[in-house]
Amino acid sequence: MSKNFSITAVLVALLLLVTALFGAFALTHARVDASVRAFYGYERALETQIVMVTRNRAVFQAMVNDAREYAKKSPAMASLLQQYEVSLQQLELQNKPSTPAAPSAPDR
Amino acid sequence: MTPIDPSTPSASGSNSQSEADFIELVKSVRSLRVLFNLALVILLLFLVTLNAFMLWQVRATRVQASRLTPAVREMERVVGEYETNSVPIMQQFTVELRRFAERNPDFAPILNRYAGAIPGGRPTNAPPQAPVANPAPNK
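If you read the sequences in order, they're chains Z and D.
Quick note on our numbering: the first sequence kicks off at 1 and runs consecutively.
Quick note on our numbering: the second sequence kicks off at 1001 and runs consecutively.
Read the hints as simulated data drawn from the structure, not as lab findings.
It is possible that part of the hints are untrue.
Partial selection, computed: residues in chain D whose CB lies under 7 Å from chain Z [what the hints assert, rightly or not]: (1) L1035; (2) L1047; (3) T1049; (4) N1051; (5) M1054; (6) T1061; (7) F1107.
To give an idea of the interface, some chain D residues facing chain Z are shown, with a C-beta separation under 7 Å as derived from the structure [unchecked claim]: (8) N1037; (9) L1038; (10) L1040; (11) I1042; (12) F1053; (13) W1056; (14) V1063; (15) A1065; (16) V1072; (17) S1086; (18) V1095; (19) I1110.
Listed next, the stretches of chain D that the computed footprint assigns to chain Z, with coverage defined by at least 3 CB atoms under 8 Å from CB atoms of chain Z [stated by the list, open to error]: (20) 1020-1028; (21) 1074-1085.
The beta-carbon is built from N, C-alpha and C at its ideal position, and this holds for glycine as well.
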């Protein structure tokens, strides 16, 4: 009789313990899920910025190319370009390495 | 319950009847207890499985985020480099070209093609704020 009761008591105690663990895991899961969502939001915002950066660099490079074309018939523009030649070359070098293709967020 | 006198003949039959009932009751209680314990075990197993699943989910989510972290760091680097190195040069050069176009009106149409494309201010919006708790590093 007492053996039966002790088994039941042990089972009930185990059940309480596992239920408490479940609560703790549920809280952890909710916390991790929230921070991962914030992380994905940040990643998407960065992707948007990368698109803007790439677009701005391309537009600026086109403008520089037009200015170089114009410099062929304008010595004043040629001297202006001469002043910025080092900086513009640096910019061109920065434009050359392709920006990383950000992996899309996995299905969640 | 009223006590039954065993000396009376009818009481003997009733006594054996109540004894049979009592045995039946004990059997019922025993089987109910077994059933109750079984239900507890099943519930316990279910909760343990659920816990294991949640633990697995948390780990999988963290692994996914950690796989994404290098790409995010690289994007941060590219945007940061652009903001600190490229933007000042681009703005300065654009201002110089605008001044040049004021002095040389024939260059103005060429520059006007890019009007608005390279804004006077920062070419991108402010960089996004990194999430406070990055789940990726702590596994």
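Do the hints match the structure? See the list:
1. L1035: violated, 11 Å
2. L1047: holds, 4 Å
3. T1049: violated, 10 Å
4. N1051: This hint holds: N1051(D) lies near chain Z, its Cβ roughly 6 Å from the closest one there, short of 7 Å.
5. M1054: holds, 4 Å
6. T1061: T1061(D) check passes; min Cβ-Cβ to chain Z is 5 Å, inside 7 Å.
7. F1107: holds, 6 Å
8. N1037: holds, 6 Å
9. L1038: violated, 10 Å
10. L1040: Holds, about 4 Å.
11. I1042: violated, 10 Å
12. F1053: violated, 9 Å
13. W1056: violated, 10 Å
14. V1063: violated, 10 Å
15. A1065: holds, 5 Å
16. V1072: Status holds, d = 5 Å.
17. S1086: Constraint on S1086(D) satisfied, holds at 6 Å.
18. V1095: Violated, because the Cβ-Cβ distance from V1095(D) to chain Z comes to roughly 11 Å (cut-off 7 Å).
19. I1110: holds, 5 Å
20. 1020-1028: violated (count 0)
21. 1074-1085: holds (count 8)
Figure legend: structure checked against the earlier numbered hints; hints not met, in rising order: 1, 3, 9, 11, 12, 13, 14, 18, 20.
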